[in-house]
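So the sequences go chain by chain: A and B. Residues in the first sequence are numbered from 1 upward in steps of one, following the UniProt record's numbering. Residues in the second sequence are numbered from 1 upward in steps of one, following the UniProt record's numbering.
Please keep in mind that the hints were generated in silico from the structure rather than gathered at the bench. Please note: incorrect hints may appear among the correct ones.
Any copy, or any two copies together, can satisfy a pair, since identical chains are not distinguished.
What the hints assert, rightly or not - Lysine to aspartate or glutamate pairs mimicking EDC-like chemistry, simulated, CA-CA at most 16 Å apart:
#1 K27 <-> E9
#2 K27 <-> D113
#3 K43 <-> D15
#4 K27 <-> D15
#5 K27 <-> E130
#6 K137 <-> D84
#7 K137 <-> E16
#8 K43 <-> E16
Protein chains: 2
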Amino acid sequence: MSIACENPEFRLLGDERGSLIAVEAHKDIPFAIARVYYIFGTKEGVERGFHAHKELKQVAVAVRGSCIMKLDDGSEQQDILMNDPAKSVYIAPMVWHEMREFSEDCVLLVFADQAYDESDYIRNYTQFLEAIEQQGKNT
Amino acid sequence: MSIACENPEFRLLGDERGSLIAVEAHKDIPFAIARVYYIFGTKEGVERGFHAHKELKQVAVAVRGSCIMKLDDGSEQQDILMNDPAKSVYIAPMVWHEMREFSEDCVLLVFADQAYDESDYIRNYTQFLEAIEQQGKNT
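Please build the complete structure, drawing on both the sequences and the hints.
Quick look at the structure:
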């Protein structure tokens, strides 16, 4: 599979007043929304992420400004420019992700299917590759 | 009751990288999150809202920029300045709401407990007051 897991574009409800985007759980977001977080005020030059989740599913969208999202499934890497409030990216479990080049005004909104659970994180890239390899052996 | 239904402040997870706020359903958001929408690119001078919901529960937060949210329960009115990504407002059912003075960069994020349902809207202020009065008689 490709790691270019871009969701279908969100429908932009624009009129003479401005813009509105509405997303529903189990529809535009392919899971129940247990948690939502937003990253903002990111300092210049800062990179974030640098982890994968064992089970957590996420959808990310830059509702303001821009950043670059790097996805890595252990064999393929892809940089995705997040600069459109209608363009979301699905971050599957076991996909290493890094974000960089946040614009000063960037607000990155992320939907997640589970509450926070530190034990779901893999924060070491070597361990991530080992887990991917192990997963391959088990399937 | 007061209509000053401000949620407890969201916890700001700030560090040397920048800021992050995470909210969970049934906790920071007092319901299951069925729908999320964001309003952005609002034109200068535009006012939005001008309706109440019969049953829908919502929590709104300006994740970027600012606007003024007017809440009106039929007997009391309140203007709330939304200008802090940690400050949310709970919009109960049967509360008329209007938003104005959107800054150019405002992104207003709203969590809702139901999918979109046009029949849940009351878009006429006189009908809203009548419904409030009717509700008072029934309780």
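Hint check:
When the C-alpha separation of K27 and E9 is checked against a cutoff of 16 Å, the pair qualifies only within one copy, where the shortest distance is 12 Å, while the shortest distance between copies is 29 Å. Taking CA atoms no more than 16 Å apart as the test, K27 paired with D113 passes in both settings, with 13 Å inside one copy and 15 Å between copies. For the identical chains of this complex, K43 and D15 are inter-copy neighbours only, at 10 Å across copies versus 34 Å inside a copy, given an alpha-carbon limit of 16 Å. In the homo-oligomer, the alpha carbons of K27 and D15 never lie at most 16 Å apart, since the shortest distance is 23 Å inside one protomer and 34 Å across protomers.
In this assembly of identical chains, the alpha carbons of K27 and E130 never lie at most 16 Å apart, being 33 Å within a copy and 36 Å across copies at closest. For the identical chains of this complex, K137 and D84 are neighbours neither inside a copy (38 Å) nor across copies (48 Å), given an alpha-carbon limit of 16 Å. In the homo-oligomer, the alpha carbons of K137 and E16 never lie at most 16 Å apart, since the shortest distance is 55 Å inside one protomer and 40 Å across protomers. When the C-alpha separation of K43 and E16 is checked against a cutoff of 16 Å, the pair qualifies only between copies, where the shortest distance is 8 Å, while the shortest distance within a copy is 34 Å.
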